[in-house]
Structure formats: structure tokens, C-alpha cells
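Participant: Chain residues, written in single-letter form:
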Amino acid sequence: MKRINAIKKITKNVKNEIVISTTGMISRELYAVKDRPRNFYMMGSMGCALGIGLGIAINSKHKVIVISGDASVLMSLGTLALHKKLNPKNLKHYILDNGCHSSTGGQPTCSNVIDFSKIAPNTRVIEVSKEKGDAPRIPLSPKQILKRFKHAISSNRS
Amino acid sequence: MAITQTVKTKRIQAPDFMKKYNFIVGVPCSKLKDLTDEIKNYIPCTREDEAMALAVGAHLVGKKPLVFLQNSGLGNIVDIITSLLKPYGIKVDLLISVRNKPEQHAFMGKITKKLLKLLEYKNYKLVIQK
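Protein sequence lines, in the order shown, are assigned to chains A and B. This note's numbering numbers the first residue of the first sequence as 2 and each following residue consecutively. This note's numbering numbers the first residue of the second sequence as 11 and each following residue consecutively.
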């Protein structure tokens, strides 16, 4: 499956859920298929998406969806252990696994030797193709993303 | 809120801190034990940047977070400061215990304040051993 189609599938039925997307093409493709104020596009800080999702999930009643890549999860593997420890029922973690860093030229990761879904709860690994994708840059500044996200949360807009 | 402050003390006064924040998370230090002992539902973070990420999540839903760490972990949060907190304009208060000895702590002990200044980070409190 193409990564962008996996993102389409994940977000097809979202309503009020908060969606946190990881650095790079995953955020760009999420913007391309389903931009909404409740998406938090984490454009830098690779490896921190699940941590942000956990911080939201344990501090609120919001339903949270985190969309990671295999390389970003491997950067903070300890966070999968913390996810299991905290086990918030309102968080769902999708890991789009293409076994490589596709945006930097396809350098391999070690995702093939690990089963992420056995480490943490509510975690679904979706195997996706290695192609880089061509979604354009997100035409929003980080501050704009944050502003409309906070506004949507506080006003309960979807 | 800029809280740039250096405290020379043996122990941090936990109650003063507890009342200002409603989400306290971090990586422990013996010097901050009085604080961490008081935290209900202590969250066993694996790294300092993970604690920062949790604090950002808390901030996004309206909480007032504090992240505690040793200065030895300051390097671990440089990326999340430069590529998340700075561009998005998110402020998280830090409580940092400063170690400067023995040898493995000496260099970070020497540059802790300089590094925070270089990062243009103003929301921190340093706890330095008396």
C-alpha cells in the first residue's frame, strides 16, 4: 500500500479526534489528504510524536491518533514502553512502516527485526511502500498550526 | 513567564513548585528527590526529550507543565527545543539540577548556563548543590 493511502484509510472516519503526525512526508501527506485544525503537524523534533500524543491523552478526554513512521519510532523506542506503562485507552498509534528513511534517499532502518505492536498497546503497524511521495510542503507556519489547533480544541470545533 | 533563576540549596522546596504546575514530569535526580517524592502518579519517562514531548502535549490541552531534569540530560532536549518549542512558540518551564563533578559532569556543569543562553531559553530554574 502507498503510504498516502494508508493515511487516507486511517483518517477516513475521523471526527473530533486529535491527530498528531510525525516529521516529514507523513505530515505533508496528512495535510494533502485531510487537513483540519485538529491535526497537529509535528514538523521537527523527529521521535517526539508519540510523547506528545501521550501527554494529550493522559491529560484530557480527547481521543488521540498518532501517526508515526518506523524510523521516528525507532528514535524513541523507550516511548513505546512508556505507552504500555500508561496505557491510555484514548490513544491509538499507527506506525507506517516502509523499512527505510524514504525522504532522505531510502537508507534502511532496523524495523524488520522488531514487532512494534508487541511492545505497546493500541498500536497498529501498516506496511507501506518505500516510495518517497510527492506531497508538497505544508503552507502553514508552525505558529499558525498551533494557533488553529488550540482554537479548535478550546472551541470544540472539528 | 521567564523564571530564570539559580538556587543554591541542598534541597528544592517542593511545595513552592507543586502549586504552580498541574503536570510535572521529567527524569529524576537525587537533588530533586523532594519534588519527585511529592508527585502523585509519577510518570517513569525514559528520556528527557520524551518528558518534554509529554509536557508539550499537556500544554496543548491547557495544562501548565514543568519538566525536571539533570543538566546531564540537557543535551537530550536540544532538538525538541530548537525544532518544536522555538518554531511553534511553546514555552515549557524547566527545573534543572546542576552537577559539575565528578569528571563526567564537569564539562556540562561548566557550560549549562551558556548552553541555555545559546538556546535563548529563559524559562528555567537551576538548582546548584550548595
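Some clues are possibly wrong.
Said to hold, decoys possible - Under the rule of at most 27 Å between Cα atoms (straight-line distance), these lysine-lysine pairs were calculated in the DSS-like manner:
1) A/Lys131 x A/Lys62
2) A/Lys151 x A/Lys16
3) B/Lys43 x A/Lys144
4) A/Lys90 x B/Lys111
5) A/Lys62 x B/Lys120
Claimed, not checked - Calculated Cβ distances over 12 Å to all of chain B for the following chain A residues:
6) Thr12
7) Ile21
8) Ala33
9) Phe41
10) Gly54
11) Lys62
12) Gly79
13) Thr80
14) Lys93
15) Ile115
16) Lys119
17) Val126
18) Gly134
19) Ala136
20) Gln145
21) Lys148
To be clear, the hints were calculated from the coordinates, so they are not data collected in a lab. Note that the Cβ used here is the ideal one computed from N, Cα and C, for glycine as well.
Participant: Now look at each hint and say whether the structure bears it out.
Facilitator: Against the structure, the hints:
The straight-line distance between the Cα atoms of A/Lys131 and A/Lys62 is roughly 35 Å, outside the 27 Å bound, and the hint therefore fails. A hinted pair counts as satisfied when its Cα atoms are at most 27 Å apart, and A/Lys151 with A/Lys16 qualifies at roughly 16 Å. Straight-line distance between C-alpha atoms of B/Lys43 and A/Lys144 comes to about 36 Å, which puts the hinted pair past the 27 Å bound. Restraint check for A/Lys90 and B/Lys111: not satisfied, since their Cα atoms lie roughly 43 Å apart, outside the 27 Å limit.
The suggested pairing of A/Lys62 with B/Lys120 is violated, with an alpha-carbon distance near 43 Å, which exceeds 27 Å. Taking the minimum C-beta to C-beta distance to chain B, about 19 Å, the non-interface status of A/Thr12 holds against the 12 Å cut. The Cβ of A/Ile21 sits about 8 Å from the closest Cβ of chain B, inside the 12 Å cut-off, so the non-interface label is violated. No beta-carbon of chain B comes within 12 Å of the beta-carbon of A/Ala33; the shortest separation is about 21 Å.
Listed as a non-interface residue, A/Phe41 fails to keep its Cβ farther than 12 Å from every Cβ of chain B; the least gap is roughly 7 Å. For A/Gly54, the condition that its CB be more than 12 Å from all CB atoms of chain B is violated, with the nearest at approximately 6 Å. Not every CB of chain B lies more than 12 Å from the CB of A/Lys62, the least distance being 9 Å, so the non-interface label is violated. At roughly 3 Å from the closest C-beta of chain B, the C-beta of A/Gly79 falls inside 12 Å, breaking its exclusion from the interface.
With a closest Cβ-Cβ approach of about 5 Å to chain B, A/Thr80 is found to fall inside the 12 Å limit, against its non-interface label. Against the 12 Å criterion, A/Lys93 stays outside the reach of chain B, whose nearest CB is about 15 Å from its own CB. With a minimum CB-CB distance of about 16 Å to chain B, A/Ile115 clears the 12 Å threshold, and the non-interface call stands. Distance check for A/Lys119 against chain B: the nearest CB is about 18 Å away, which clears 12 Å, and the non-interface claim stands.
A/Val126, annotated as away from the interface, keeps every beta carbon of chain B farther than 12 Å; the closest lies near 20 Å. No Cβ of chain B comes within 12 Å of the Cβ of A/Gly134; the nearest lies about 21 Å off, and the non-interface call holds. Every beta carbon of chain B lies more than 12 Å from that of A/Ala136, the smallest distance being close to 20 Å; the non-interface claim holds. Against the 12 Å criterion, A/Gln145 falls within the reach of chain B, whose nearest CB is about 10 Å from its own CB.
Residue placement check: A/Lys148 does not keep its beta carbon more than 12 Å from all beta carbons of chain B (closest about 9 Å).
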